[in-house]
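Below, each chain spelled out in residue letters.
There are 2 protein chains.
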Amino acid sequence: MKVNIELKKVVDNSYDITIDSLPKLEFDRKTAIVTNTKVSGLHLGYLLGKIKAKELYIITIQDGEEYKNQESVNYILEALFNHKFNRNSLLIGFGGGVVGDITGYVASIYQRGIDFIQIPTTLLSQVDASVGGKTGINNKYGKNLIGAFYQPKAVYIDSYFLKTLPKREFGAGVAEIVKMAVTFNREFFEFLENNDLRDDEVLKRAIKHSVETKASVVSQDEKEKGLRAALNYGHTFGHVIENETNYTTYLHGESVAIGIVMANELSKELGMMSEDEAGRIKKVLESYDLPTNYKIKDVDRFYDAFFLDKKSNDKTLTFIVPNGIGDVKIIKDIDKKTIYKVLEKFAG
Amino acid sequence: MKVNIELKKVVDNSYDITIDSLPKLEFDRKTAIVTNTKVSGLHLGYLLGKIKAKELYIITIQDGEEYKNQESVNYILEALFNHKFNRNSLLIGFGGGVVGDITGYVASIYQRGIDFIQIPTTLLSQVDASVGGKTGINNKYGKNLIGAFYQPKAVYIDSYFLKTLPKREFGAGVAEIVKMAVTFNREFFEFLENNDLRDDEVLKRAIKHSVETKASVVSQDEKEKGLRAALNYGHTFGHVIENETNYTTYLHGESVAIGIVMANELSKELGMMSEDEAGRIKKVLESYDLPTNYKIKDVDRFYDAFFLDKKSNDKTLTFIVPNGIGDVKIIKDIDKKTIYKVLEKFAG
Numbered sequence: 036m037k038v039n040i041e042l043k044k045v046v047d048n049s050y051d052i053t054i055d056s057l058p059k060l061e062f063d064r065k066t067a068i069v070t071n072t073k074v075s076g077l078h079l080g081y082l083l084g085k086i087k088a089k090e091l092y093i094i095t096i097q098d099g100e101e102y103k104n105q106e107s108v109n110y111i112l113e114a115l116f117n118h119k120f121n122r123n124s125l126l127i128g129f130g131g132g133v134v135g136d137i138t139g140y141v142a143s144i145y146q147r148g149i150d151f152i153q154i155p156t157t158l159l160s161q162v163d164a165s166v167g168g169k170t171g172i173n174n175k176y177g178k179n180l181i182g183a184f185y186q187p188k189a190v191y192i193d194s195y196f197l198k199t200l201p202k203r204e205f206g207a208g209v210a211e212i213v214k215m216a217v218t219f220n221r222e223f224f225e226f227l228e229n230n231d232l233r234d235d236e237v238l239k240r241a242i243k244h245s246v247e248t249k250a251s252v253v254s255q256d257e258k259e260k261g262l263r264a265a266l267n268y269g270h271t272f273g274h275v276i277e278n279e280t281n282y283t284t285y286l287h288g289e290s291v292a293i294g295i296v297m298a299n300e301l302s303k304e305l306g307m308m309s310e311d312e313a314g315r316i317k318k319v320l321e322s323y324d325l326p327t328n329y330k331i332k333d334v335d336r337f338y339d340a341f342f343l344d345k346k347s348n349d350k351t352l353t354f355i356v357p358n359g360i361g362d363v364k365i366i367k368d369i370d371k372k373t374i375y376k377v378l379e380k381f382a383g
Numbered sequence: 036m037k038v039n040i041e042l043k044k045v046v047d048n049s050y051d052i053t054i055d056s057l058p059k060l061e062f063d064r065k066t067a068i069v070t071n072t073k074v075s076g077l078h079l080g081y082l083l084g085k086i087k088a089k090e091l092y093i094i095t096i097q098d099g100e101e102y103k104n105q106e107s108v109n110y111i112l113e114a115l116f117n118h119k120f121n122r123n124s125l126l127i128g129f130g131g132g133v134v135g136d137i138t139g140y141v142a143s144i145y146q147r148g149i150d151f152i153q154i155p156t157t158l159l160s161q162v163d164a165s166v167g168g169k170t171g172i173n174n175k176y177g178k179n180l181i182g183a184f185y186q187p188k189a190v191y192i193d194s195y196f197l198k199t200l201p202k203r204e205f206g207a208g209v210a211e212i213v214k215m216a217v218t219f220n221r222e223f224f225e226f227l228e229n230n231d232l233r234d235d236e237v238l239k240r241a242i243k244h245s246v247e248t249k250a251s252v253v254s255q256d257e258k259e260k261g262l263r264a265a266l267n268y269g270h271t272f273g274h275v276i277e278n279e280t281n282y283t284t285y286l287h288g289e290s291v292a293i294g295i296v297m298a299n300e301l302s303k304e305l306g307m308m309s310e311d312e313a314g315r316i317k318k319v320l321e322s323y324d325l326p327t328n329y330k331i332k333d334v335d336r337f338y339d340a341f342f343l344d345k346k347s348n349d350k351t352l353t354f355i356v357p358n359g360i361g362d363v364k365i366i367k368d369i370d371k372k373t374i375y376k377v378l379e380k381f382a383g
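If you're matching them up, the sequences are chains A and B in order. Quick note, in this note's numbering, the first sequence goes up one by one and the last residue is 383. Quick note, in this note's numbering, the second sequence goes up one by one and the last residue is 383.
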């Protein structure tokens, strides 16, 4: 005999992203700010001037992608248990992508899930990690291999924090903004062509457009079964570049910028993008001093590296190919010759 | 400015529980059976006669509640990464509650969530852990303090596995069945009074009733914000008993049996249950040789221990009090005197 466990229902994980000067926040429950040693040095004073909580704790982890691991998770959990955090307590992730991803992950597993809020402090995390609910950590097998889909209760984006952001990291964030515009929003791309993101009002509008674009994609495909993969535009090539350069030469967003240029070459090869369109995208990237070229030393090795992505479901390659500006296609099984033709343009 | 991230949608986590001889199962994907050293020795041959998979791996953890921890999680994760499990792979939890809870938890965090199936081999896990999606592990701070709500894709309950179950463990499962009947289903309780669960057909029907009862509760309150707490009937007292006896004297279900009797005394004290009803419940428990008495050595200490439950949201006590047979109330702030009156009946 069978019993059907009926668990079909409406789940509301909606939340607000506030793009503005951080408002005064007050929480009538145990609250922990999870941050790193660097961000806390720069901005914790500002944050503490804005936040009140019944009981407030600060938990700092080391700064850097290499600390996005189980040890940092254990460290945060230990602090929460020590301070008797319960199911009603709150976590605030205050930092860049690493802090946000770890904090969200800890929130998802602590007593089977507690509330968390994101206050991202880098441009990249403001436009990217603030939407989508991807949380997680790395391990020796790769990036983000352990984690959960878990949504924050609120996100506060305050461009004040970007004042201390190194120029290269600002550029890395811009690459993701360009990615969002090229793949889904032609008008937004034109806005980027005609305005300078170093102006605060322009930046706020761009963050808003980025966040809205990503939100629309994610709400159609939360668990990345289809459309959401289009947000990997530039990343398929970019990951190989990051890997070949041991994650030391380029910031993630910088390798994505190069990857975008490579993906555009592929699009041109497939007759989906004009020389002119590719040039316009490159021009925007370069106006923020983003790298747009990379010398591939060994084309065979570069090609083989596409298959090393630990998350790939099978052995067919998937490329995210822009269809002009403002539209995108997810294409499987592109002819190996075509890919080689693109890669050889970068061979040096 | 604000952007509302609209994530309200219909989520369907429904699945079937099959209560029958295990059917032949075939999976066209990488599959790992997670089990323990004991269950694999007893029943893995039977299971392997029924399961085919594209690639099949067996992962065994140590047997026992003390291995429901992060080390076992790491051990399983390591095996999955080693064998390059991907987002499309499958886990099968094959064992009692510990194996089921760990397997579900690992499935929830591996690459942000992969499918899992439960094949519970103890009566307790068949009637209890098979419904509800609670997964997790223990740590030095307490039980199930790290975990996730994560639903299986299917559950197969085969009473064949119970043939090797020690008599005391069978009784421990019966205590949970009695709990389900007393709190939510008077007819089901009468069925238990008039039938012997040691008969296989009776047992299957009782499992079906239990599972249906729990499913109805869980579907109304998946995340235990209210009604679901009623399933802790007998557990508030039971936890203290388990704790006082260092988890060595009684099996979990046995301490629940004593806890049920204590909760019934409280119900009588509040005028919600008759002497006769309490007697009938006790009689059913005793017919499976379950303990129904416990000598409280220190009433003050017993009372204080109620407040140690790590999961309690605040400092008010909550008791699950049956309202006759087949109905239940969740009551906060019962007069301390009333609780003492009940505890003193067990003082010895």
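Please note that a few of the clues may not be correct.
Given that identical chains are not distinguished, each listed pair holds provided it fits within a single copy or across any two copies.
[Claimed, not checked] In silico lysine to aspartate or glutamate, EDC-like type, Cα no more than 20 angstroms apart, as pairs:
| # | residue 1 | residue 2 |
| --- | --- | --- |
| 1 | 239 | 311 |
| 2 | 43 | 150 |
| 3 | 364 | 259 |
| 4 | 330 | 379 |
Simulated from the structure, these hints should not be mistaken for lab results. Computed from a predicted model, the values in this text were never measured in an experiment.
*Report the numbers of all earlier hints that the structure fails to satisfy, in ascending order.*
1
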